[in-house]
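Engineer: All chains, full assembly: derive it from the sequences and hints.
2 protein chains.
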Amino acid sequence: MLWTSSDFSRMPGRHRATLINCLSGFKSANLVGTRDTEGNTNLAMISSAFHLGADPALLGFISRPDLVSRHTLENIRDTSVYTLNHVHSGIIAAAHQTSARYPREQSEFDATGLTPTFSQYHDAPYVAECRVRLGLVLREMIDIVLNGTVLVIGEVVELHLPDNAVGEDGFVDLAALGTVSVSGLDSYSNPQPGQRYRYAKPGIKPGLLD
Amino acid sequence: MLWTSSDFSRMPGRHRATLINCLSGFKSANLVGTRDTEGNTNLAMISSAFHLGADPALLGFISRPDLVSRHTLENIRDTSVYTLNHVHSGIIAAAHQTSARYPREQSEFDATGLTPTFSQYHDAPYVAECRVRLGLVLREMIDIVLNGTVLVIGEVVELHLPDNAVGEDGFVDLAALGTVSVSGLDSYSNPQPGQRYRYAKPGIKPGLLD
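Taken in sequence, the protein lines are chains Z and G.
Taking my numbering, the leading residue of the first sequence gets 24, the next gets one more, and so forth.
Taking my numbering, the leading residue of the second sequence gets 24, the next gets one more, and so forth.
Each statement offered as a hint is correct.
In silico contact screen, one side only, chain G against chain Z (beta carbon under 10 Å); selected entries: (1) D30; (2) A40; (3) S71; (4) L75; (5) L81; (6) R87; (7) P126; (8) A134; (9) T172; (10) L184; (11) G190; (12) D209; (13) S212; (14) R221.
Calculated cross-link-like contacts (lysine to any residue; reagent style SDA-like; alpha-carbon spacing at most 25 Å): (15) Z:K224 with G:H38; (16) Z:K224 with G:H111; (17) G:K228 with Z:G113.
In short, the hints are calculated from the structure, not lab data.
Every residue gets a Cβ at the ideal spot worked out from N, C-alpha and C, and that includes glycine.
Structural biologist: Listed below in structure tokens is the structure:
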């Protein structure tokens, strides 16, 4: 079946948002931890975090022009630090609940029962329940004028992982750690164990890594 | 266990790339289809496509400064159109193989056995084997000076889906369609069926959608 731009523009807003949010494929599921200048914590669910580069280690995410995202964006602008914490299968409900429109003075940590924790050299709150926790320093914010969103780019300066989570070649088995993926606005999935493929070269048949 | 920036910079390049590519979480798996000004087709695997907005329907992806990505980028710059096609579990090996460094004059369609197909109103090649196929028009390219990558932003102007793939509220069950996710550089996973959560509101317990 075929849809075109004019079909999209005729859809009710919520229906369109639900459909279009499915089109990129499966999305990452992260909680962004921040503090304001007075030290009050904030936690927000995002599904737009993406890999931008390995050297330096850069990740991007998209901040939307709504109130919930604005608190996070302002905190990052004011403090230059934030954390990203992988949502795993044991905390999906709490993670999803951080997307509710809590007033600025209420911390989503308190509201959802997730636990803030801090490391010695990084000033933004991590989520204690998460197994993969990244501490980032803001490197750049790029306004995307087309639709009023902001691309937030940060460098990973700290990485907390369970012992033995990193394989010999650097690979982290996220499925084994319970990290989930998101589809659309509200669907959370546990990926099955992955299959790794060899580095691809012209003229050589693709195959699984030994 | 804790890693810091200085640990990353001491790692061999391939090890660092493997590790850092895992940190954003699960990634989308798409094939980008393009043509050059002479009509020669090109196909490239990307794991950086992300949702940017629903109205208009905007997706972004990151183009890296390597040769493989450069062909795709130049084609999009020259023709202003491209397609994104969800990788599903039946074509993982062929999709991964498009990441090999084929010379410009060789089409990855021919090299991998995937089939180009065209729609009446869009000039970029779709992948016939894919069940979720998007036709996009270039809206903006943003240079990310920090690491020499380019953010390519396109608007979805065509959407091809199997009959009955869109639910009553607009949701597309990607797990049912076989769409896979990527972790790191080379690991492909089938997500298990997702669980959908209700729209979150302060003071109301999170729960599954009926």
